[in-house]
Amino acid sequence: MNRTPLSIAILTAACLAPGLASADWKGEAELGYVKTGGNTDTASLNAKAKAEQELDKWRNALAIEATNNSTDGLTTAERYFASGQSNYKVSERGYFFGFLGYEADRFSGYDYRATANIGYGHRVVQNDAVTLDLEIAPGARQSQIKLTEETEDEFTVRGALKLLWNISKTAKFTEDLTTEAGDKDKGGVVTRSVTALTAQVAGNLHTKISYTMRHSSVVPTGKKKVDDEVAIALLYSFGK
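In the numbering used here, the protein residues as written are 1 to 240.
A couple of the hints might just be wrong.
Said to hold, decoys possible - Quick list of the computed label-pair ranges, beta carbon to beta carbon:
| hint | residue 1 | residue 2 | range |
| --- | --- | --- | --- |
| 1 | Lys26 | Ile167 | 13 to 23 Å |
| 2 | Thr131 | Ile64 | 18 to 28 Å |
| 3 | Phe155 | Leu234 | 39 to 49 Å |
| 4 | Gly27 | Asp183 | 27 to 37 Å |
| 5 | Trp25 | Gly222 | 40 to 50 Å |
| 6 | Glu54 | Leu147 | 35 to 45 Å |
Unchecked claim - List of simulated lysine-lysine pairs, DSSO-like, C-alpha gap at most 27 Å:
| hint | residue 1 | residue 2 |
| --- | --- | --- |
| 7 | Lys48 | Lys26 |
| 8 | Lys225 | Lys48 |
| 9 | Lys26 | Lys208 |
| 10 | Lys184 | Lys35 |
| 11 | Lys208 | Lys162 |
| 12 | Lys172 | Lys208 |
If you are wondering where the hints come from, they were derived from the structure by calculation, not from laboratory data. Even for Gly, the Cβ is constructed at its ideal location relative to N, Cα and C.
With these hints in hand, go ahead and build the complete structure from the sequences.
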């Protein structure tokens with residue numbers, strides 16, 4: 001196995017560690033109903049949680065997701081995702097960051113896909129209503145093909161757009177868009193978009209409607225390039 005992607009992952013983890021060590025986290029947890037299409041065409045329950053931390057020099061984020069469903073004892077949907085990012089602020093709006101991501105989707109044709117990136121981001125817009133971050137980062141991706149158990153290692157370039165629009169005191173719109181461009185003969189280009197509208201019900205309880213699209217330019221034999229899901233969830237926020 002090529003050790004370069006592993007080295008990048010270890011270096012990225014080392015970059016994440018200092019920022020994640022402190023307290024003062026805030027976040028949200030949600031449970032929802034999901035209708036999926038693509039390689040998995042079913043209705044499922046899913047659970048998500050994310051936490052964020054804002055410090056003088058660091059901005060950190062963690063996220064986990066799980067989707068699982070079975071019919072008549074047969075699994076029809078099973079997907080897990082986790083990510084962590086730590087930003088080190090070098091100016092009022094600029095920052096360097098490390099990112100780690102891991103996805104295991106039983107019906108995608110891959111046992112897992114793991115990514116590690118180190119790059120630069122800039123907060124293009126920041127006011128009371130709107131926050132917009134743009135990021136670019138070289139890195140590496142490792143994928144294990146389910147059918148052959150072959151492991152593919154490749155260098156990638158990752159771009160990201162993160163938009164938060166506070167529509168009112170009780171409602172917000174978010175868009176998280178990422179694209180990872182790798183070897184066209186291996187994993188190719190992987191794009192993920194999550195669009196969501198969240199509204200407060202009472203106190204820390206919210207409702208959330210979201211649409212997620214995942215597109216892979218290269219997929220294992222017999223698999224579709226696009227997966228999507230529509231979700232309706234109850235969300236509980238915590239922290240400061």
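Against the structure, the hints:
{"no.": "1", "hint": "Lys26 <-> Ile167: 13 to 23 Å", "verdict": "holds (20 Å)"}
{"no.": "2", "hint": "Thr131 <-> Ile64: 18 to 28 Å", "verdict": "holds (23 Å)"}
{"no.": "3", "hint": "Phe155 <-> Leu234: 39 to 49 Å", "verdict": "holds (40 Å)"}
{"no.": "4", "hint": "Gly27 <-> Asp183: 27 to 37 Å", "verdict": "holds (35 Å)"}
{"no.": "5", "hint": "Trp25 <-> Gly222: 40 to 50 Å", "verdict": "holds (42 Å)"}
{"no.": "6", "hint": "Glu54 <-> Leu147: 35 to 45 Å", "verdict": "holds (44 Å)"}
{"no.": "7", "hint": "Lys48 <-> Lys26", "verdict": "holds (14 Å)"}
{"no.": "8", "hint": "Lys225 <-> Lys48", "verdict": "holds (24 Å)"}
{"no.": "9", "hint": "Lys26 <-> Lys208", "verdict": "holds (18 Å)"}
{"no.": "10", "hint": "Lys184 <-> Lys35", "verdict": "violated (30 Å)"}
{"no.": "11", "hint": "Lys208 <-> Lys162", "verdict": "holds (17 Å)"}
{"no.": "12", "hint": "Lys172 <-> Lys208", "verdict": "holds (10 Å)"}
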